[in-house]
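1 is the number of the first residue of the sequence shown in the working numbering; add one for each residue after it.
There may be inaccurate statements among the hints.
As the list claims (entries may be wrong) - Okay, derived cross-link-like pairs now, BS3-like style, lysine-lysine, Cα gap no bigger than 27 Å in a straight line:
id	residue 1	residue 2
1	92	32
2	115	92
3	6	103
4	103	41
5	41	100
6	103	115
7	6	41
8	100	32
Said to hold, decoys possible - The calculated label-pair distances, taken between Cβ atoms and stated as ranges, are:
id	residue 1	residue 2	range
9	161	98	20 to 28 Å
10	22	174	41 to 49 Å
11	179	157	33 to 41 Å
12	168	18	34 to 42 Å
13	152	20	38 to 46 Å
14	86	19	18 to 26 Å
15	18	181	39 to 47 Å
16	181	117	29 to 37 Å
17	95	153	27 to 35 Å
18	6	153	22 to 30 Å
19	4	75	12 to 20 Å
20	179	27	41 to 49 Å
21	23	152	39 to 47 Å
22	20	160	41 to 49 Å
To be clear, the hints were calculated from the coordinates, so they are not data collected in a lab. Please read all numbers here as calculations on a predicted model, not as lab measurements. Where is the CB? At the ideal position from N, CA and C, for every residue including glycine.
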Amino acid sequence: MKAGLKLPEVTFHTRVRDDSIEGPNPFRWQDKTTSDYFAGKRVVLFALPGAFTPTCSTYQLPGFENGFDDFNAEGIDEIYCLSVNDSFVMNKWAENQGLKNVKVIPDGSAEFTRKMGMLVAKDNLGFGARSWRYAAIVNDGTVEAWFEEPGLADNHGEDPYGVSSPETVLNYLREANATAAA
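Start from the sequences and build out the full structure, keeping to the hints where you can.
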């Protein structure tokens, strides 16, 4: 659906660890752009409704984290997890999940998600505006393959999961690489 789409250029307001800062919160603000994350790399980007939510924390994020070496073997340089959460929440979630491979991208103001056409209301769950669940293979800032959960709608009664799973994306990469090699 979005294959061939160039990702929108936005600025993400992130907090990064800085060991020169003393005290219990050794982080500083660092703005990063879409180009900072995606230029010159082939990555998997997956977006989800929220940090610390059940499907995201139990299946999707751990699956990408644990499968990083398999993705890397299929030509993926980085795996990014994006959510409409601020950097404080995303960093704490990454710490809670023990992430070593997947990098989190905070889209606190939902600018990227809105420009991707993936912003939905989840007021029925008390979440407010959030991202619809999807994954993409992105090559140098352009969508190569798109994996969107069915039913994109405001206040959807369910949280579909499967199309954007790490297993689905990895299978696609394996088949595409096997076809290219043949």
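Status of the hints after comparison with the structure:
| no. | hint | in the structure |
| --- | --- | --- |
| 1 | 92 with 32 | holds (19 Å) |
| 2 | 115 with 92 | holds (26 Å) |
| 3 | 6 with 103 | holds (21 Å) |
| 4 | 103 with 41 | holds (14 Å) |
| 5 | 41 with 100 | holds (19 Å) |
| 6 | 103 with 115 | holds (21 Å) |
| 7 | 6 with 41 | holds (14 Å) |
| 8 | 100 with 32 | holds (20 Å) |
| 9 | 161 with 98: 20 to 28 Å | holds (21 Å) |
| 10 | 22 with 174: 41 to 49 Å | holds (47 Å) |
| 11 | 179 with 157: 33 to 41 Å | holds (38 Å) |
| 12 | 168 with 18: 34 to 42 Å | holds (37 Å) |
| 13 | 152 with 20: 38 to 46 Å | holds (44 Å) |
| 14 | 86 with 19: 18 to 26 Å | holds (22 Å) |
| 15 | 18 with 181: 39 to 47 Å | holds (44 Å) |
| 16 | 181 with 117: 29 to 37 Å | holds (34 Å) |
| 17 | 95 with 153: 27 to 35 Å | holds (33 Å) |
| 18 | 6 with 153: 22 to 30 Å | holds (26 Å) |
| 19 | 4 with 75: 12 to 20 Å | holds (19 Å) |
| 20 | 179 with 27: 41 to 49 Å | holds (44 Å) |
| 21 | 23 with 152: 39 to 47 Å | holds (43 Å) |
| 22 | 20 with 160: 41 to 49 Å | holds (44 Å) |
The structure is consistent with each of the numbered hints, conforming to all of them.
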